[in-house]
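Student: Residue strings, one per chain:
2 protein chains.
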Amino acid sequence: MSNLFTSVGDHPFDRAMAMEPAGANQFATRASKDYWNMVGPYGGITAAQMAQAVLQHPDRLGELVAITVNFAGAVGEGEVVIEAIPARTNRSTQHWIITMREKDAQGHWSTTTTATAMTALARKTWSDDECAMPQVPPSGEVARYVTDFRVEWLSRYNVRPLLGSYPEQWDGAISPSLTRMWVSDEPPRPLDVQALTALCDVFFPRIWLRRAKRVPIGTVTFSVYFHASEDELRQVGSEPVLAQAQGQGFRDGFFDQTAQIWAPGGTLLATSHQLVYYKE
Amino acid sequence: MSNLFTSVGDHPFDRAMAMEPAGANQFATRASKDYWNMVGPYGGITAAQMAQAVLQHPDRLGELVAITVNFAGAVGEGEVVIEAIPARTNRSTQHWIITMREKDAQGHWSTTTTATAMTALARKTWSDDECAMPQVPPSGEVARYVTDFRVEWLSRYNVRPLLGSYPEQWDGAISPSLTRMWVSDEPPRPLDVQALTALCDVFFPRIWLRRAKRVPIGTVTFSVYFHASEDELRQVGSEPVLAQAQGQGFRDGFFDQTAQIWAPGGTLLATSHQLVYYKE
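Protein chains in written order, with UniProt numbering: chain A, 1 to 280; chain B, 1 to 280.
The hints are simulated quantities; they were obtained by calculation from the structure and are not laboratory data. Computed from a predicted structure; not experimentally measured. A hint or two may mislead.
Here chain A is said to cover these stretches of chain B; the calculated rule only asks that three of the stretch's residues, wherever they fall, bring their Cβ under 8 Å from a Cβ of chain A [what the hints assert, rightly or not]:
| hint | stretch |
| --- | --- |
| 1 | 19–26 |
| 2 | 95–101 |
| 3 | 106–114 |
| 4 | 135–141 |
| 5 | 209–220 |
Here are the computed lysine to aspartate or glutamate pairs in the EDC-like style, where the Cα-Cα straight-line distance is at most 20 Å [claimed, not checked]:
| hint | chain 1 | residue 1 | chain 2 | residue 2 |
| --- | --- | --- | --- | --- |
| 6 | B | 213 | A | 130 |
| 7 | B | 279 | A | 185 |
| 8 | B | 279 | A | 128 |
| 9 | A | 279 | B | 128 |
| 10 | B | 213 | A | 168 |
One side only, chain A facing chain B, incomplete, derived with CB under 10 Å [said to hold, decoys possible]:
| hint | residue |
| --- | --- |
| 11 | 68 |
| 12 | 213 |
| 13 | 221 |
| 14 | 235 |
| 15 | 239 |
| 16 | 252 |
| 17 | 264 |
| 18 | 274 |
| 19 | 275 |
| 20 | 277 |
The C-beta atom is built at its ideal place from N, Cα and C for all residues, glycine as well.
Same shape as in the complex, but just chain A (with noise of 0.2 Å):
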């Protein structure tokens, strides 16, 4: 893959979104370091290239309507090359099926990642929120969060909590595991369906603020149902939206999570779940 981007902003996030035609209904890039986490790329990073990798796509039908990530193997820092197959194009809806492959030591491509995708053609019908965003202060009242947690990606949000942030105390006491903050990329962009895609998965691991002990984790599966229109994104401008998760099962290794995210007006942008690997 050459080095050579184009249509690419000046942005973190649209450097990590750039990717390359690489046969047919392959696109190939690499995991962004401005994204880095511990041991490879923050997952909604990951997850947001799948979604491009759909987005970009010349036979692409219609807008993001539903996107499901599988983490399956770890992602390094090498090529990686994603396909986006529309496997079923009806009048209006389209369905994808999506795969992320590196080479693994042995110099074999391996599928890291999987994924499947509904893109649909926008139209305006009857419409109503039936979970409302919760009153909170206005995001210009917040303070940042400053972590001592050093990982990469978590410098690419500002996030200003509001109830369940980052436990202080790490002393095993059982609390909820409901988290409320006000987030926005850093430095400021313009919301879009990729960036929402990525948002959706900024929450630290629910497991931590439950126990107030951080065992090691990964995101096992992460869906986003994308509620707003693209256009509905783009009245967000910048501003920071209002993100919410909770856990509901904690069970013999694996965690669930369930997330809401509204646009500063209260109007919902998005909902999301997500199933994570725990070790103890």
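For chain A, the structure is supplied; the task is to place chain B on it using the hints.
Tutor: Only chain B this time, still in chain A's reference frame:
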């Protein structure tokens, strides 16, 4: 495909799960008439078939932990072929890509359904259900719901509504879309992971309850996270389970649903979510 099925129980659900090897990673079957909906099979039974293709695959590692099924096109009455590919096998986890294909009117094989799934070796860790079962009367004290909505698959479930039942008046009044009910297979059958997959789709459309209006709908993507092990499911036996569902957002043709399933003793068995198309 021959009509000879081996090792199949007498229950309609067992007959619906029967499939035969049809090449590498491929299994032939068809949609069960016992679980027929208005113009095709009940989505839950199709999802369970996708799970079954993994569960009876000779290369499967461990128990089913998560599955996402996408309803890409109509499933008809003809033979279908389910392909279940182990995309990545790790030491204790395995990721699957699954597709269902059926011959279309022109005789071409067309993808009707896509899915991804994860299996993992069972192991014991610290565990905790944060989402507690609501306090409800025991199933023996709740009357079975009898509907005039005549589709075959509804006769395969014994539903005992507690809250947010099927609207009696279609007057357009806006209500919370929260439903609680006891549910069991009909006739009774010991719960397993396949049956639990199907059962997570048993709720009538949240938008009908929210709007008190019946509009055309169809699930487009459906996920289940299995918190219970196969052992824990066996302990439920054929007792009714408590099923709860609610919508969060209804916008421009799609609404979501989150759901929880508990054993009668209060153990969280599964959490589920889906995105559903609606017309008006």
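Student: Against each hint, give a clear statement of whether it holds in the structure.
Tutor: Here's how the hints hold up against the structure:
Residues of the stretch 19–26 of chain B with a Cβ under 8 Å from some Cβ of chain A number 0, which does not satisfy the need for three, so the listed coverage is violated. Figure legend: the stretch 95–101 of chain B, annotated as covered by chain A; annotation consistent (3 residues with Cβ-Cβ distances under 8 Å, at least 3 required). Counting residues of the stretch 106–114 of chain B whose C-beta sits closer than 8 Å to any C-beta of chain A gives 4, which meets the bar of three, so the coverage hint holds. Chain A is given as covering the stretch 135–141 of chain B, and this is violated because 0 residues of the stretch bring a CB closer than 8 Å to a CB of that chain, at least three being needed.
With 3 residues having a beta carbon nearer than 8 Å to a beta carbon of chain A, the stretch 209–220 of chain B meets the requirement of three or more and the stated coverage holds. Restraint check for residue 213(B) and residue 130(A): satisfied, since their Cα atoms lie roughly 16 Å apart, inside the 20 Å limit. For the given pair, residue 279(B) sits about 35 Å from residue 185(A) by alpha-carbon distance, which is inconsistent with the 20 Å threshold. Using a Cα cut-off of 20 Å, the hinted pair residue 279(B) and residue 128(A) holds, with the two alpha carbons roughly 14 Å apart.
Straight-line distance between C-alpha atoms of residue 279(A) and residue 128(B) comes to about 14 Å, which keeps the hinted pair within the 20 Å bound. Taking the CA atoms of residue 213(B) and residue 168(A), the gap is near 49 Å; set against the 20 Å cutoff, the hint is violated. The beta carbon of residue 68(A) comes within 4 Å of a beta carbon in chain B, closer than 10 Å, and the hint placing it at the interface holds. With 10 Å as the threshold, the beta carbon of residue 213(A) comes within range of chain B, its nearest partner Cβ sitting at about 9 Å, so the hint holds.
A distance limit of 10 Å between C-beta atoms decides the matter here; for residue 221(A) the minimum to chain B is near 5 Å, and the interface restraint holds. Annotation: interface hint on residue 235(A) violated; nearest CB of chain B at approximately 14 Å, more than 10 Å. The closest approach between the C-beta of residue 239(A) and any C-beta of chain B is roughly 19 Å, which is over the 10 Å cut-off, so the hint fails. Contact between residue 252(A) and chain B, as hinted, is supported at the beta carbon level, the nearest pair being about 5 Å apart and thus within 10 Å.
With 10 Å as the threshold, the beta carbon of residue 264(A) stays out of range of chain B, its nearest partner Cβ sitting at about 17 Å, so the hint is violated. Against a cut-off of 10 Å between C-beta atoms, the interface hint on residue 274(A) holds, since the closest Cβ of chain B lies about 9 Å away. Satisfaction of the interface hint for residue 275(A) is found here, the shortest Cβ-Cβ separation to chain B being roughly 5 Å, below the 10 Å cut-off. Nearest Cβ of chain B to the Cβ of residue 277(A): about 8 Å, under the 10 Å cut. The hint holds.
Hint compliance for this structure: hints 1, 4, 7, 10, 14, 15, 17 are not met, and every other hint is.
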